[in-house]
Amino acid sequence: MQGDSGFCEGLCVELSSDAAAIRCALEQVMASGPVLRLAPDLSARLQLVLAEVLNNVVEHAYVLNAGRIRVSVTVQPAGIECCVCDSGCPMPDGRPPTGALPDWSEGEPPEGGFGWFLIRQLTSGLHYRRQGMCNELRFRIDLN
Amino acid sequence: MEVSVQETADCLVVTVLEPRIDAASAIQFKETLRPLASVGRGPVVLDLSRVGFLDSSGLGAVVAVMKLIGPNRKLELAGLTPNVDKVFRLTRMDSVFTIHTDIPHGQRNAG
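One line per chain: the protein sequences are A and B, in this order.
The first sequence begins at 72 in the numbering used here and counts up one residue at a time.
The second sequence begins at 244 in the numbering used here and counts up one residue at a time.
Among the hints, a few may not be true.
[Said to hold, decoys possible] Once the Cα atoms are required to be at most 25 Å apart in a straight line, the calculated SDA-like pairs of lysine to any residue come out as:
(1) B:329 <-> A:133
(2) B:329 <-> A:137
(3) B:329 <-> A:100
(4) B:317 <-> B:329
(5) B:329 <-> A:191
(6) B:329 <-> B:283
(7) B:273 <-> A:178
(8) B:329 <-> A:172
(9) B:329 <-> B:346
(10) B:273 <-> B:341
(11) B:317 <-> A:109
(12) B:329 <-> B:260
(13) B:273 <-> A:110
(14) B:317 <-> A:176
(15) B:329 <-> A:136
(16) B:273 <-> A:213
(17) B:329 <-> A:192
(18) B:317 <-> A:105
(19) B:329 <-> A:87
(20) B:273 <-> A:187
(21) B:329 <-> A:164
(22) B:329 <-> A:109
(23) B:310 <-> A:171
(24) B:310 <-> A:177
(25) B:329 <-> A:139
(26) B:329 <-> A:200
(27) B:273 <-> A:131
(28) B:329 <-> A:99
(29) B:329 <-> A:174
Note that these hints are calculated values from the structure, not bench results.
Between the sequences and the hints, there should be enough to build the whole structure, so can you do that?
Set out below in structure tokens:
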């Protein structure tokens, strides 16, 4: 059980790989007790990062076959620890994209390519590993 | 995607009446805005004051709408809520759009 200090609260959500399910899962996470108690800016960052990570899983890992996604979110004193697991295709080259900001200095602004940029900007300690037939992506959203 | 549309003397104000523009609604958003390209005159001002969440799919959809209605007509933004504003600033897309703090009103042109 948690005390007044050194708290650690977690939740786990499982969803299917489609955009509507992502919306539901995010609503569930945002409405959970541990997340409701966070500063609005922090919970906003959490929601955006989870949305980007989950959209990527649906659009890339599960591009050929639908499947399940498991999200765990643990609020700790230093930040929010997140883990997203799926059993879709592995990341290309076995690692997550570097998340460079798309360059549109010549030509029109792009309509995509911002997802990994946002994830990289808003997280720290991002770690990806392929375990058997599953992808596991861990990252932290720092308090500041 | 529910929007309300108001023609003023110098622009067309399109207010998005949904709280989210995300991967689940990005296509709908584009399809709803597409026919408005030929309505009214002046820039299309997209009022996002009721949108509390926008992800990169939503951002891409806003850029797509800018391209759909251009190059002879501008898409401008108004009423960005803090979370939406942050996405535009982080991705530097705030440099692509004219962003109004206030929503233009039809009354402004009355008289």
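| task | Just pull the numbers of the violated hints for me, sorted ascending. | result | 1, 2, 6, 11, 13, 15, 16, 18, 19, 21, 25, 26
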